[in-house]
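There are 2 protein chains.
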Amino acid sequence: MFTVRTPRVVAARRLHRRRDRDETGRFLAEGPQAVREAFRAGVVTELFATADAAARHPEWSASLVDDAAMEALADTVQPQGLVAVCRQRDVPLEQALARKPRLVAVCVDIRDPGNAGTVLRTADAAGAKTVIFAGDTVDPYNGKAVRSSAGSLFHVDIVRARDTAATIATLQAAGLQVLAADGYGKSDLFDLSDLHRPTAWLFGSEAHGLPRDLAVDLRVRVPLYGGAESLNLAAAAAVCLYSSAKAMRSVE
Amino acid sequence: MFTVRTPRVVAARRLHRRRDRDETGRFLAEGPQAVREAFRAGVVTELFATADAAARHPEWSASLVDDAAMEALADTVQPQGLVAVCRQRDVPLEQALARKPRLVAVCVDIRDPGNAGTVLRTADAAGAKTVIFAGDTVDPYNGKAVRSSAGSLFHVDIVRARDTAATIATLQAAGLQVLAADGYGKSDLFDLSDLHRPTAWLFGSEAHGLPRDLAVDLRVRVPLYGGAESLNLAAAAAVCLYSSAKAMRSVE
Numbered sequence: 006m007f008t009v010r011t012p013r014v015v016a017a018r019r020l021h022r023r024r025d026r027d028e029t030g031r032f033l034a035e036g037p038q039a040v041r042e043a044f045r046a047g048v049v050t051e052l053f054a055t056a057d058a059a060a061r062h063p064e065w066s067a068s069l070v071d072d073a074a075m076e077a078l079a080d081t082v083q084p085q086g087l088v089a090v091c092r093q094r095d096v097p098l099e100q101a102l103a104r105k106p107r108l109v110a111v112c113v114d115i116r117d118p119g120n121a122g123t124v125l126r127t128a129d130a131a132g133a134k135t136v137i138f139a140g141d142t143v144d145p146y147n148g149k150a151v152r153s154s155a156g157s158l159f160h161v162d163i164v165r166a167r168d169t170a171a172t173i174a175t176l177q178a179a180g181l182q183v184l185a186a187d188g189y190g191k192s193d194l195f196d197l198s199d200l201h202r203p204t205a206w207l208f209g210s211e212a213h214g215l216p217r218d219l220a221v222d223l224r225v226r227v228p229l230y231g232g233a234e235s236l237n238l239a240a241a242a243a244v245c246l247y248s249s250a251k252a253m254r255s256v257e
Numbered sequence: 006m007f008t009v010r011t012p013r014v015v016a017a018r019r020l021h022r023r024r025d026r027d028e029t030g031r032f033l034a035e036g037p038q039a040v041r042e043a044f045r046a047g048v049v050t051e052l053f054a055t056a057d058a059a060a061r062h063p064e065w066s067a068s069l070v071d072d073a074a075m076e077a078l079a080d081t082v083q084p085q086g087l088v089a090v091c092r093q094r095d096v097p098l099e100q101a102l103a104r105k106p107r108l109v110a111v112c113v114d115i116r117d118p119g120n121a122g123t124v125l126r127t128a129d130a131a132g133a134k135t136v137i138f139a140g141d142t143v144d145p146y147n148g149k150a151v152r153s154s155a156g157s158l159f160h161v162d163i164v165r166a167r168d169t170a171a172t173i174a175t176l177q178a179a180g181l182q183v184l185a186a187d188g189y190g191k192s193d194l195f196d197l198s199d200l201h202r203p204t205a206w207l208f209g210s211e212a213h214g215l216p217r218d219l220a221v222d223l224r225v226r227v228p229l230y231g232g233a234e235s236l237n238l239a240a241a242a243a244v245c246l247y248s249s250a251k252a253m254r255s256v257e
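Residue numbers (our numbering), protein chains in the order written: chain P, 6 to 257; chain C, 6 to 257.
By construction, these hints were calculated from the structure, which means they are not laboratory data.
Hints may contain errors.
Since the list gives no way to pick one copy over another, a pair counts as held whenever it fits inside one copy or between any two copies.
[Stated by the list, open to error] Straight line, CA to CA, 20 Å or less: simulated SDA-like cross-link-like pairs of lysine to any residue:
no.	residue 1	residue 2
1	K134	Y230
2	K149	D114
3	K149	P37
4	K191	G231
5	K149	S235
6	K149	E234
7	K105	Y230
8	K149	R22
9	K251	S66
In this text, all values refer to a predicted model and were calculated from it rather than measured experimentally.
All chains should be modelled from the sequences, with the hints used to inform the complete structure.
In structure tokens, the structure reads:
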């Protein structure tokens, strides 16, 4: 009953590699919170659990594995004995836009999986219904991105879009204003009067910012009142997305 | 001229340990940005540089060290050849309050140096003049906290205060309202009408939140509009501090 190297464990382990995730359309989610959200989203195809973890979660039927197999399956030091194989759940941009999201977050060339996952989590918290992983942004199903999203990967429409320029054009055609969060942007976030309008926010990498040549509607800076030269990505995204969320609610 | 284990290098290396920082009242700042800010703040007692780095920064006089000594002095993989020994610059709470700060951030029992440094950076960006490291919060001069602050350690009044309850009482006596950022708080941040008043924001650790028994004026939650169960600390602090900053400026 306890298995270390069954073919299914071996196949699941391979999902730590992007190539195998891309080929199979599967990914791994670990820990009780992520597994619970994955079940709610209806995307779990198999759950591996240690005997201890399975006993703590009788609500889930699991394939029992020993500690060595769990260690091989898990990406973290403390997986808490639960790793689920999940179906990838991204949708085409058109399908996400058909649901008429009023707030969209777009990660542009964000290579750090922790940062991308945090933007996803913050966007979900602020009420964004769609999060787009654009350009060279990290795979949303990367283990660290999944963890950093703290379950939000399972709450919103995830879109993967290689062509950032085309994505912006499609968002604008759907009636969203496209705002770029840019530390050097000409517009002060707190001077904007149109934040209640349907909006897509673009966030770039902390190291390189956003490409200069994107045809966005405005480049917007979060004002810096003290001596800091910049905000980190999570902080800037939170201020921008919540400013929109607040403005949208104040006109309802 | 190039030195590896001079007594000064050996003494500087010891500043990676908290005990030696506490005993000497010194700490290390590395990389060109932090060193520049440390010079501006007038707290550099000695600068160690590789020959390459010294050539890139002729404006600073440095003790030249070889790569091995630099590696020993630096906390990071890429110190860019610059490590400064700095005087600790924290001040008593009373001294900080004498400058009548209108926005104060208080880290309460934040053990993660990256998180504490990020709150410091965000507070500085939002215009806070004082940042308090209270209770069991990490040493503000911890290498990772210094790095995460991205220079902001040198911009604001830093206060270290072991007794969180006494700190809150002192802040209130100085006329500041004390708001606790709390995911389970009764008050919705966006319902508050008093954010223009002088305010101290308390932020707890992501894992454990704030102690329940603090006599704050209000416990305030950042509203969650989507499926996310919480925000990460950097995001929550950014939304709270910038909400205050915006409100304070709109009444000026």
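Problem set entry | Alpha-carbon proximity context of K105 and Y230, limit 20 Å | between (35 Å within a copy, 16 Å between copies)
Exercise. Is it within, between, both, or neither for K149 and S235, if the alpha carbons may be no more than 20 Å apart?
Worked result: between (25 Å within a copy, 18 Å between copies)
Exercise. Should K191 paired with G231 be assigned to within, between, both, or neither, using CA atoms and 20 Å as the limit?
Worked result: within (18 Å within a copy, 30 Å between copies)
Problem set entry | Identical-chain pair category, K149 with P37, by Cα at 20 Å | Cα proximity of K149 and P37: one copy only (15 Å, versus 30 Å across).
Exercise. Given identical chains, is K149 near E234, meaning Cα to Cα at most 20 Å, within a copy, between copies, both, or neither?
Worked result: Between copies, since 18 Å is at most 20 Å while 28 Å is not.
Problem set entry | Within, between, both or neither, where K149 and R22 count as close if Cα-Cα is 20 Å or less | This pair counts as within: shortest intra-copy Cα distance 12 Å, inter-copy 30 Å.
Exercise. Should K134 paired with Y230 be assigned to within, between, both, or neither, using CA atoms and 20 Å as the limit?
Worked result: between (31 Å within a copy, 10 Å between copies)
Exercise. Between the shortest in-copy and the shortest cross-copy C-alpha distance, which are at most 20 Å for K149 and D114: within, between, both, or neither?
Worked result: So K149 and D114 pass the 20 Å test inside one copy only (16 Å; across, 26 Å).
Problem set entry | Within, between, both or neither, where K251 and S66 count as close if Cα-Cα is 20 Å or less | neither (41 Å within a copy, 50 Å between copies)
Going through the hint list in order, the structure does not satisfy hint 9, though it satisfies all others.
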